[in-house]
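Keeping their order, the protein sequence lines are chains P and G.
Quick note on this note's numbering: the first sequence kicks off at 1 and runs consecutively.
Quick note on this note's numbering: the second sequence kicks off at 167 and runs consecutively.
Treat the hints with caution; some may be incorrect.
Reference listing, derived: stretches of chain P covered by chain G, where coverage requires no fewer than 3 residues with Cβ under 8 Å from a Cβ of chain G [said to hold, decoys possible]:
| hint | segment |
| --- | --- |
| 1 | 34-46 |
| 2 | 107-120 |
| 3 | 135-143 |
If you are wondering where the hints come from, they were derived from the structure by calculation, not from laboratory data.
Since the structure is predicted, the reported quantities are computational estimates derived from the model, not experimental observations.
We put the CB at the ideal spot given by N, CA and C, even for glycine.
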Amino acid sequence: MSSSAKRTPPPPVYKARRASLLRSWLWPARSNLGRWAYTMQRVSGVGVSLYFLAHIIETGNVVGGLSMWSVPAYDIAKNNWNNTVDFLKNPLFDLGLVIIGFLLTFHTFNGLRLFFSEFGYGIGKPARPDYPYKPKSQNTLQDLIIWLSAILAALAAVYALNVLFG
Amino acid sequence: MEISLSVSRSTPKRHFEEFTIPLQKGMTVLDALIYAKENLDHSIAMRYSCRMAVCGSCGMKVNGRPMLACYTQISELKSNRIKVEPLDNCAIIRDLVTDFAEFFSHHKSVHPYLIRNDVKEQDNPVKEFLQKPEEVEKYLQYSYCIKCGLCYSACPTVAADKEFPGPQALAQAYRYIADSRDEGIQKRIDVIDTAHGIARCHFAGTCSSVCPKGIDPAQGIQLLRRYTLSLKR
Numbered sequence: 001m002s003s004s005a006k007r008t009p010p011p012p013v014y015k016a017r018r019a020s021l022l023r024s025w026l027w028p029a030r031s032n033l034g035r036w037a038y039t040m041q042r043v044s045g046v047g048v049s050l051y052f053l054a055h056i057i058e059t060g061n062v063v064g065g066l067s068m069w070s071v072p073a074y075d076i077a078k079n080n081w082n083n084t085v086d087f088l089k090n091p092l093f094d095l096g097l098v099i100i101g102f103l104l105t106f107h108t109f110n111g112l113r114l115f116f117s118e119f120g121y122g123i124g125k126p127a128r129p130d131y132p133y134k135p136k137s138q139n140t141l142q143d144l145i146i147w148l149s150a151i152l153a154a155l156a157a158v159y160a161l162n163v164l165f166g
Numbered sequence: 167m168e169i170s171l172s173v174s175r176s177t178p179k180r181h182f183e184e185f186t187i188p189l190q191k192g193m194t195v196l197d198a199l200i201y202a203k204e205n206l207d208h209s210i211a212m213r214y215s216c217r218m219a220v221c222g223s224c225g226m227k228v229n230g231r232p233m234l235a236c237y238t239q240i241s242e243l244k245s246n247r248i249k250v251e252p253l254d255n256c257a258i259i260r261d262l263v264t265d266f267a268e269f270f271s272h273h274k275s276v277h278p279y280l281i282r283n284d285v286k287e288q289d290n291p292v293k294e295f296l297q298k299p300e301e302v303e304k305y306l307q308y309s310y311c312i313k314c315g316l317c318y319s320a321c322p323t324v325a326a327d328k329e330f331p332g333p334q335a336l337a338q339a340y341r342y343i344a345d346s347r348d349e350g351i352q353k354r355i356d357v358i359d360t361a362h363g364i365a366r367c368h369f370a371g372t373c374s375s376v377c378p379k380g381i382d383p384a385q386g387i388q389l390l391r392r393y394t395l396s397l398k399r
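I would like the entire structure built from these sequences, with the hints used as guidance.
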């Protein structure tokens, strides 16, 4: 074979695959507190989005459900609303609202932490790393806000429990 | 005293193989693996070179956490059972050896070198380019990166999005953007400020907590985001 001949790359000798995608994405075991907050932020974000979707469908019933662009007569709207309220009178939905109270509060306060971090607040200044290494961005203030978000979320859940089941 | 070393093997399909290793004082996980390879099973595939946390070759998951095998003493794991696996977020070539092609392509994409407008001066300098100590501090820690891939492996966003550059590449982008000698900011911003770029980081901070050189990529990424949001260098 002449040296000028175009070489073809050798075939791959291994099957390219990624190890346990779901585990490395969502499961925070043996990780720092910020990683737990990351997972909670993702889960609460999805949970709250799904709740908003259900909430829009629920309140949409008042103005006529799928035909919401036409305002129905008062009696029909009242009937729709009563049916919806009857359907939602269920401990399972109440429990769902308690969980939403927890997720929404955590998402809000942890979201504020992330918002301010994006503008460089509360993450320390770059400096020469000295042993034993402790990353400045993973500091007490960050941990404190994460714990505070969790405590406030738990309090919101307790309040919701009292309102719905008390 | 003996320890049980459980090694992830990739052939014929992924499974774990247990080895009993006699423990010696100061023994690292890499020492244990080398003992197993030399005395118990020659077919274990692993990558290592310097044995002193400089080359960044021996990154692997030790008891579920990305670590450098040469930099982790068995005594600090506080367990007689050690489980070693290949790094997450990388394709497995064999056993503990992973493919870093994707990782290095992200690294290259952020132009990890000084870019100057006066190319003549850069190639044939006629004077020193002076920097104040505080200017050096802004980027110094990021220049200690050994490209071991631990942060890339620990990043949950990389797991979910292959096009996300990852903490190592983004921290390198910050390293050069924060350098007062560099003039290639826009070139790097064009690469990282995309739909799959820097906005995908949600500050989990795992990258910083696993870095064996004490670098704080999470901090660099947030400072880079501050730059993209407010142009404050």
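message: Taking 8 Å as the Cβ threshold, is the statement that the segment 34-46 of chain P is covered by chain G upheld or broken by the three-residue rule?
response: As far as the segment 34-46 of chain P goes, the hint holds, because 7 residues have Cβ atoms under 8 Å from chain G.
task: Test coverage of the segment 135-143 of chain P by chain G using CB-CB distances below 8 Å; three residues minimum.
output: The restraint on the segment 135-143 of chain P holds, since 5 of its residues have a Cβ under 8 Å from chain G and three suffice.
query: Quick check: the segment 107-120 of chain P, covered by chain G? Criterion 3+ residues, Cβ under 8 Å.
result: Holds: 5 residues of the segment 107-120 of chain P have a Cβ under 8 Å from chain G.
Of the numbered hints listed earlier, not one is contradicted by the structure.
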